[in-house]
Amino acid sequence: SQQGEEDPQALSIQEGENATMNCSYKTSINNLQWYRQNSGRGLVHLILIRSNEREKHSGRLRVTLDTSKKSSSLLITASRAADTASYFCATPTRDTDKLIFGTGTRLQVFP
Amino acid sequence: GAVVSQHPSWVICKSGTSVKIECRSLDFQATTMFWYRQFPKQSLMLMATSNEGSKATYEQGVEKDKFLINHASLTLSTLTVTSAHPEDSSFYICSVGRMSSYNSPLHFGNGTRLTVT
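Here the protein sequences come in this chain order: A and B.
Counting in this note's numbering, the first sequence runs without a single skipped number right up to 1375 at its last residue.
Counting in this note's numbering, the second sequence runs without a single skipped number right up to 140 at its last residue.
Next comes chain A alone, as it looks inside the complex (with noise of 0.2 Å):
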């Protein structure tokens, strides 16, 4: 089952511009985290964020949370051509480390 959608699909920018992604999900949660995926890879975990948390920032990354609206967004800053890639939310199911993920965005970064 997914626990969450991502939005957009797929998002295609020039380096230098910013990448935000957007992430509804529709259970009450202990937290929120973000992971990357190059091509054909397995995932790489970027940033966790718990639920009593509104905003974290890694380097050029930010991610928001809103527990109202069950959302959170995650922003890259100067994007990469390196930055290309599928990034994905996930939440854990209550009580136990199962990660659940969302439907991914796929972003694209043009040089």
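By construction, these hints were calculated from the structure, which means they are not laboratory data.
You may find that some hints are simply not true.
To be verified - Derived coverage of chain A by chain B (criterion: at least 3 residues anywhere in the stretch with Cβ under 8 Å from a Cβ of chain B; other residues may be distant):
| id | region |
| --- | --- |
| 1 | 1289-1298 |
| 2 | 1306-1318 |
| 3 | 1361-1369 |
Model, not experiment: these values are computed from the prediction.
Ideal Cβ placement from N, Cα and C applies to all residues, glycine included.
We have chain A already, so just place chain B on it with the hints.
Positioned in the frame of chain A, the structure of chain B alone reads:
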């Protein structure tokens, strides 16, 4: 972070044969590993939770007799696709949680691309 090794990275097999995929946690003893399946341009679907020393827990709709999971040690879980058919062709990814806490991220292997001819 934890390092997860998955092998093989790709495999081609004939219909009716079985394929084993290994997932190793190289620097962490994992009592729990997760197996996901991903079709092209789609998201990851959780197949099962592999529990060291006990039976795996399968998600609804996943055939446990077709996807055999063995987690015999704290560093190794295997997924065997039995009597594979072309519809089993997919990308299979394992993951490990470094801490037994839902507030910690998962670490993923690089996946196995299975093609059944």
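Now for the hints, and whether the structure bears them out:
no.	hint	result
1	1289-1298	holds (count 3)
2	1306-1318	holds (count 6)
3	1361-1369	holds (count 8)
Taken one by one, the earlier hints all hold for this structure without exception.
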